[in-house]
Amino acid sequence: MTATPSTAPGIAPAAGASTDFGTLPLPPATLENLQRLGYTAMTPIQAATLPLTLAGHDLIAQAKTGSGKTAAFALALLANLNPRRFAVQSLVLCPTRELADQVTQELRRLARAEDHIKILTLCGGSTMRPQLASLEHGAHIVVGTPGRILDHLERGSLDLQALNTLVLDEADRMLDMGFFDDIATVAKQCPAQRQTLLFSATYPEGIAKLSARFLREPKEVKLLSTHAAGKIRQRFVEVAEDQRLHAVSMLLNHYRPVSTIAFCNTKQQCRDLVEVLRAQGFAALELHGDLDQRDRDQVLVRFANRSCSVLVATDIAARGLDIAQLEAVINVDITPDPATHTHRIGRTGRIDEAGWAFSLASLDEMGRVGQLETALGFTTEWEPLAALADADPAHPLRPPMRTLQIVGGRKEKIRPGDVLGALTKDLGYAAAQVGKINVNEFSTYVAVEAGIAAEALQRLSAGKIKGRSVKVRLLGD
Numbered sequence: 001m002t003a004t005p006s007t008a009p010g011i012a013p014a015a016g017a018s019t020d021f022g023t024l025p026l027p028p029a030t031l032e033n034l035q036r037l038g039y040t041a042m043t044p045i046q047a048a049t050l051p052l053t054l055a056g057h058d059l060i061a062q063a064k065t066g067s068g069k070t071a072a073f074a075l076a077l078l079a080n081l082n083p084r085r086f087a088v089q090s091l092v093l094c095p096t097r098e099l100a101d102q103v104t105q106e107l108r109r110l111a112r113a114e115d116h117i118k119i120l121t122l123c124g125g126s127t128m129r130p131q132l133a134s135l136e137h138g139a140h141i142v143v144g145t146p147g148r149i150l151d152h153l154e155r156g157s158l159d160l161q162a163l164n165t166l167v168l169d170e171a172d173r174m175l176d177m178g179f180f181d182d183i184a185t186v187a188k189q190c191p192a193q194r195q196t197l198l199f200s201a202t203y204p205e206g207i208a209k210l211s212a213r214f215l216r217e218p219k220e221v222k223l224l225s226t227h228a229a230g231k232i233r234q235r236f237v238e239v240a241e242d243q244r245l246h247a248v249s250m251l252l253n254h255y256r257p258v259s260t261i262a263f264c265n266t267k268q269q270c271r272d273l274v275e276v277l278r279a280q281g282f283a284a285l286e287l288h289g290d291l292d293q294r295d296r297d298q299v300l301v302r303f304a305n306r307s308c309s310v311l312v313a314t315d316i317a318a319r320g321l322d323i324a325q326l327e328a329v330i331n332v333d334i335t336p337d338p339a340t341h342t343h344r345i346g347r348t349g350r351i352d353e354a355g356w357a358f359s360l361a362s363l364d365e366m367g368r369v370g371q372l373e374t375a376l377g378f379t380t381e382w383e384p385l386a387a388l389a390d391a392d393p394a395h396p397l398r399p400p401m402r403t404l405q406i407v408g409g410r411k412e413k414i415r416p417g418d419v420l421g422a423l424t425k426d427l428g429y430a431a432a433q434v435g436k437i438n439v440n441e442f443s444t445y446v447a448v449e450a451g452i453a454a455e456a457l458q459r460l461s462a463g464k465i466k467g468r469s470v471k472v473r474l475l476g477d
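Just so we're aligned, residue 1 is where the sequence shown starts under the UniProt record's numbering, counting upward by one.
Calculated cross-link-like contacts (lysine to aspartate or glutamate; reagent style DMTMM-like; alpha-carbon spacing at most 20 Å):
#, residue 1, residue 2
1, Lys425, Glu449
2, Lys466, Glu412
3, Lys188, Asp151
4, Lys231, Glu381
5, Lys188, Glu154
6, Lys471, Glu412
7, Lys118, Asp101
8, Lys231, Glu383
9, Lys222, Glu205
10, Lys471, Asp426
11, Lys411, Glu136
12, Lys471, Asp418
13, Lys267, Asp333
14, Lys209, Asp182
15, Lys231, Glu353
16, Lys436, Glu327
17, Lys267, Glu241
18, Lys466, Asp418
19, Lys436, Asp418
20, Lys436, Asp426
21, Lys118, Glu106
Restraint ranges, calculated between C-beta atoms of paired labels, are given here:
#, residue 1, residue 2, range
22, Gln105, Phe180, 23 to 29 Å
23, Glu241, Arg398, 26 to 32 Å
24, Arg112, Glu441, 19 to 25 Å
25, Arg129, Val258, 37 to 43 Å
26, Thr19, Asn82, 25 to 31 Å
27, Gly125, Gly476, 20 to 26 Å
28, Asn80, Ala240, 55 to 61 Å
29, Gln105, Val407, 17 to 23 Å
30, Pro396, Gly125, 31 to 37 Å
31, Thr19, Met128, 41 to 47 Å
Worth flagging that the hints you see were computed from the coordinates, not collected in a lab. We put the beta carbon where it would ideally sit given N, CA and C, even for glycine.
Hey, can you work out the whole structure from these sequences and the hints?
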């Protein structure tokens, strides 16, 4: 079917469009919850899409990570939900487990206005048994990756007959990963009378194919955007091949970003760069396909809570990551694919934030730089390598936080408030000294200021959480 644009492709909604959540047909309890969560005004993608989705239209929307797209579809699917009907009414498909986890966390926050909304995450990399047990108890919303959702459908453990909303999040990345057939099979098992919402950062050919097959007269929203209103400052640095890895440390020492993702084209280059950075005193971690799920989860927790300064990653491993306040991206190599370049640098410069995007280019890569200029319509700004400050031994770049791992998580009924209370009420630390708290199935991670980490480890190990002694260890150096 042909899409019916509500907003002409490439044109943002009118400047006078309301950004007040109060103008939307949302229940008072939802509006109060949004206010408590700090949602003071709609982002452009929310203002453009929510009036359409709340009216029941199918949707194709161009939206990048960090644009507020999760709330854009979450509020729509929650509005369609009947809490008293204990059946799967909404399904969100994501390309990666990490994105699925992030979507689930945000859905849980936004669903607080209603009591007893059960949300399940079904992704590969986790054993089937706990997922099967959770499904037996029922759920209202399921968030997952196409392959694992398909596994459950084939087993008969997931029933979608009551579904009224299907969301395809980061659809372009799912297509890149070869999920078209899996998505098609899942969609066929959903009721024909449903609302389908498709969000994609780019519009490759496969998006039109998805739309034609699975959406009914969709509205289209494609915002004119250059990564958060041009807040990404791009610089290119010419390097000799043997300077490439050292140039990364020079950029870090010169600009001193608190958090940086360095993208490499290969796993081996990830390993080599992490070795170089650690030798120079940086808190650097690698993220690539060779890590097992436990190590991957710990890496992501430590980077997101600011106890790691540099995440060195391959493109595939970093798909779906949404890291708040990412100050810099470094392209250790020039990618030959303009869409990949766009995805890489789009992780910084989020809404209301500025960011740096640095790209290292050898003479052999100048052709690729020219291709990016032509395809993406920008003029390259070059920064001389010699102008960058080298390491200052007296002031090494160190992360502001450290991570404590507590043995025990959701299975032991531990909640973030339990951990915060143990650190502040019981041990007397200021709340400002405690950072992000992540409660997983079997482990809990809490970030604390680096200066109190060793002491907090000893005191928490000797204390109790929820009246029970716990094992605690300090992650990293």
